[in-house]
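Undergrad: As a plain string of letters, each chain reads:
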Amino acid sequence: MDQTRNQPSAGKFWSWFIPVGRQVGGWAFALNRVTAIGLTFYLFLHLAVLSLLAKGPDGYNGFLALTENPIIKFGEWAVVAAVFLHGLNGIRIILTSFGVGVTRQKQLFYGFTVVAVLIILIFTIRMY
Amino acid sequence: MSKPHVIVIGAGFTGVATAHDLALRGCDVTVVERGDLCNGTSGRTHGLLHSGGRYAVKDKESAVECIDENMILRKIVPQVIEPNGGLFVALDESDLAYAEQFIESCEECHIPLEELKPDQALKLEPNINPKVLIAFLIPDGTFDPLRLALAFAGTAKHNGAKFHTFTEVGSLLTDGAGNVTGIKVSNRASGKSEEMRADVVVNATGAWAGHITAMAGLDAPVKPTPGIMVAYNQRFVQRALNRLNAPGDGDIVLPQRRMVVVGTTSFDAEDVDYIPTTDDQIKLMLERGSELIPGIRSAKPRGIFMAARPLVGGGSGRSMARTFKCYDHKETHNVDGLVTITGGKATTLRAMAEKTADVVCAKLNITTPCATKETPLLSYRQYYATTN
Amino acid sequence: MTENWKITLRVYRQKENQTSHFDDFQMDVNPDEYVLDAVERAWAFHDRTICFRHACHHSTCGACGMRVNGVEKLTCITLIRDVTRNGATLKVEPLRNFPVVSDLAVDMGVFYRKMEAVGARAVLPVTEAEIEDPPSKWDAEDSQYIRLSDCIECGLCMSACPIMATTPEYLGPAPLAAAQDQGLRRKPELLSVVDCEDGVWRCHSAFECTAVCPSFVEPARRIMNLRVQVVDMRLRKLFGKA
Amino acid sequence: MSQSTSSYISGPRPGETTWIWLIKIVTGPLLILVLMLHLIVNHYIGSTPTGLMTYTDIVRYYQNPIIPAIEILFLITVVTHSLIGLRGIILDMNPSRQVLSVVTWLFSLLGVFSVVYGIWLALTIASKGG
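In the order they appear, the protein sequences are chains A, B, C and D.
First residue of the first sequence? That's 1 in our numbering, and the numbers climb one at a time after it.
First residue of the second sequence? That's 1 in our numbering, and the numbers climb one at a time after it.
First residue of the third sequence? That's 1 in our numbering, and the numbers climb one at a time after it.
First residue of the fourth sequence? That's 1 in our numbering, and the numbers climb one at a time after it.
These are calculated hints, taken from the structure and not from any lab test.
Fair warning: this is a prediction, and the values are worked out from it, not measured in the lab.
The reader is advised that the hints may include incorrect statements.
[Said to hold, decoys possible] Straight-line distance between alpha carbons at most 27 Å, and here's what the computed DSS-like set of lysine-lysine pairs gives:
1. B:K300 - B:K60
2. D:K128 - A:K55
3. B:K58 - B:K117
4. C:K91 - C:K6
5. B:K3 - B:K330
6. B:K3 - B:K300
7. C:K237 - C:K187
8. B:K330 - B:K162
9. C:K15 - B:K300
10. C:K15 - B:K75
11. B:K162 - C:K15
12. B:K283 - B:K75
13. B:K60 - B:K75
14. B:K283 - B:K60
15. B:K58 - B:K300
16. B:K75 - B:K162
17. B:K162 - B:K325
18. C:K6 - B:K283
19. B:K373 - B:K3
20. B:K283 - B:K330
21. C:K6 - B:K300
22. C:K15 - B:K184
23. B:K192 - C:K15
24. B:K363 - B:K3
Work out the full structure, taking the sequences as your base and the hints as a guide.
TA: Quick look at the structure:
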């Protein structure tokens, strides 16, 4: 019977995001994916915005004033947060991929997340 | 000439082995099973590839059957068997007294035997009770129950047999003269019911044989005799471990993957659809199991279950013969078209199938001899191949 | 005296073409019993049309995998005490990522075919059995004894893996673990089966498989190691030292 | 694509290989280092109160030729890493082979274009200071 009549899990490709029965590893994976999508979106937005630099000082400085707007500032903060959460979790995945700490991946995740949150705090203080 | 159609009711060991044998002999076989494969006694068997040692003294007939089948199964389906051998150990004087007749009977039943001194036994199996007085090495083994059945079923399926799981037999179809011509089944998965015609219907439902024969107004002398099994979460031994004495409760401990399984007890039961486990029997298994392997006291149970042996013939419990009976109801009750096979042990599934298939082929005047002794079985995963 | 709990056993029901729904059964259970016993009792005494797969009842056959309160469990060794409380609900659903045959029974054919494709070994020499603290040391002399492999093909990891939910073509944790168990050095032909997008590179280290595996196989660790084996073989091939 | 011996649903799709994964794995840690530098530079040494750099700060910063080189290297790694990752996510949407090859081509073009654009941008900023 080839038609895969699946049951409760919703549509296929966002099912990694459904929290039912997820355990630590599953959350880390979902977090990693969400931050990845966010960062990639920001990357290309960032590249586009920088084109103002080529047009000369007033255009760019004008944009700088924009960064005081709370929404944009929060966006910037989110990017910084995403960078460290994604980055450190990525290190965890690379370590486990080469067998380091594979049996203690949960502790590794907790450890790296704490470090990430600390760094994010430093930047938050710096930005506000 | 179209192939004769045979329906086998029950996909336990006997059912799938019979399907395999009949398929090899050119029958068109349909197996119906109310649950999935091995959801009855077969799934919950202890898993002992019997050498016959346990029954050599009291039940030579089934002991010989076991040792012969043991050797055959090792050849035709090695993929699911741990052929690591077994030990009969004596721990106290009464065990020791049993040794004499044990050796004689084993020789009589051509069961190979090797006597071991305590230190030799402890070297082979360091975790058995250090108070071992004497031990005998015999060709026991263990197997994974479901995969043994899947190997037979997969090979039968490959040779054309069709399997209908979750299909329960509601009633038997009969012609005017009370002969069985087919079955009426309801499919639990789809809710639909249908009728299936066949030249012969084989009732291979083991401990439930009485349910099917009752549909034809007959009774089957099968006495469901459940026994408890307790699995513990540590693999203490490589070999099957038997207590050197007359068959008793909790006298066998088998390794299975990373566990050991202590079995079993024996009591009568009418309704075998659900048999609750009882605390006293669980304690008894812990007691007896730790006599053989002291380490079991510190292990945790990992699965406790009851399995209903289909015993046949007179008497009850342990005294009943372990051999199997195959009835052609034409001879016994002048009801044609129905053959019942019940009794026996897991290890003798191939021999039971051969006997049943001989009876069925005689009724259908098929002359091809049984070939299952030499035909190696396909991989058990063949049951899931995408053929039919 | 055995304790007695009153629980609501909520069973996922689905017949061939009808929509799925849940049936509740009020059950008196002994908390030290197993979830499978409760399901079997619901079948025996309440509703004989419940379809579920079970055989060995002691975690060696792999038939009774289900999702219990959302998490993949082997119901024959899962104590009721560990998954619910007195008076609470115990929800059992079929495994994810497999077509449902009916109610709690799923069709794991594609999974068995994948295991066959990588040649998963049903039995393996005792000395290769990675038991962390073997009660007695398996020394070389024991080498001729063989043991059923740890993986009982129960499918829990295939249900828990978030990537399995995206495509049935992904090999999945257990088949990859079985490939690693044999080693690419020993079976080089496995390289082409596992070194591809539906093979080892689809694993995104969610570790859900190891979290639910009841048989100590730790598929995640094995997939990571398999990845290193693939990289090693590819690099050797690149530099001609295959 | 070798017709593999497997008898399961379909032959393995050749889309992901060791090298793509290795690139992703190598660019990851590299990114962390350069990104730390990038964040510190952008939030700590700029002249605005919150440390962001004004136009003149940036032009002055780009005078030292190493800076554009680092920024371009950083751009290449981040674009490669993110596009490989994004493609991995799209893989999980179970695309057909045609769609997958289109996506692969699209991303490669996008990657090349972004890098070329980045190099051009860096050089123009550097030239502004001359």
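Undergrad: Taking the hints in turn, state whether each one holds.
TA: Consistency of the hints with the structure:
Distance hint between B:K300 and B:K60 is unfulfilled; the C-alpha atoms sit about 37 Å from each other, more than 27 Å. Proximity of D:K128 to A:K55 is assessed by CA-CA distance (about 11 Å); at most 27 Å being required, the pair is judged to hold. Straight-line distance between C-alpha atoms of B:K58 and B:K117 comes to about 25 Å, which keeps the hinted pair within the 27 Å bound. Taking the CA atoms of C:K91 and C:K6, the gap is about 14 Å. The hint holds against a cut of 27 Å.
Under the criterion of a C-alpha separation no larger than 27 Å, the hint pairing B:K3 with B:K330 is consistent with the structure, at around 22 Å. The hinted pair formed by B:K3 and B:K300 fails the criterion: a straight-line CA distance of about 53 Å is larger than 27 Å. Proposed proximity of C:K237 and C:K187 is supported: the alpha carbons are some 15 Å apart, at most 27 Å. Of the supplied pair hints, the one linking B:K330 and B:K162 holds, its CA atoms being roughly 26 Å apart against a limit of 27 Å.
Using a Cα cut-off of 27 Å, the hinted pair C:K15 and B:K300 is violated, with the two alpha carbons roughly 38 Å apart. A threshold of 27 Å between alpha carbons decides the hint, and for C:K15 with B:K75 the separation of about 42 Å lies outside it, so the pair is violated. With a C-alpha separation of about 22 Å, the suggested pair B:K162 and C:K15 falls inside the 27 Å cut-off, and the hint holds. For the hint pairing B:K283 with B:K75, the CA-to-CA distance comes to about 38 Å; that exceeds 27 Å, so the pair is violated.
Taking the CA atoms of B:K60 and B:K75, the gap is near 23 Å; set against the 27 Å cutoff, the hint holds. Note on B:K283 and B:K60: the hinted pairing is violated, with a Cα-Cα distance of about 32 Å set against a maximum of 27 Å. Distance restraint check for B:K58 and B:K300: the Cα-Cα separation of roughly 34 Å exceeds the 27 Å cut-off, and the hinted pair is therefore not satisfied. Distance hint between B:K75 and B:K162 is fulfilled; the C-alpha atoms sit about 26 Å from each other, no more than 27 Å.
Taking the CA atoms of B:K162 and B:K325, the gap is about 25 Å. The hint holds against a cut of 27 Å. Restraint check for C:K6 and B:K283: satisfied, since their Cα atoms lie roughly 25 Å apart, inside the 27 Å limit. For the hint linking B:K373 to B:K3, the alpha-carbon distance of about 23 Å falls within 27 Å, and the restraint holds. Between B:K283 and B:K330, the direct Cα distance comes to roughly 47 Å. Violation of the 27 Å bound is thereby established for this hinted pair.
For a cut-off of 27 Å, the pair hint linking C:K6 to B:K300 stands: about 25 Å separates their Cα positions. Of the pairs offered as hints, the one joining C:K15 and B:K184 holds, with about 20 Å between alpha carbons and a cut-off of 27 Å not exceeded. As the CA atoms of B:K192 and C:K15 are separated by approximately 10 Å, the hinted pair is consistent with the 27 Å bound. Taking the CA atoms of B:K363 and B:K3, the gap is about 14 Å. The hint holds against a cut of 27 Å.
The earlier numbered hints that this structure contradicts are 1, 6, 9, 10, 12, 14, 15 and 20.
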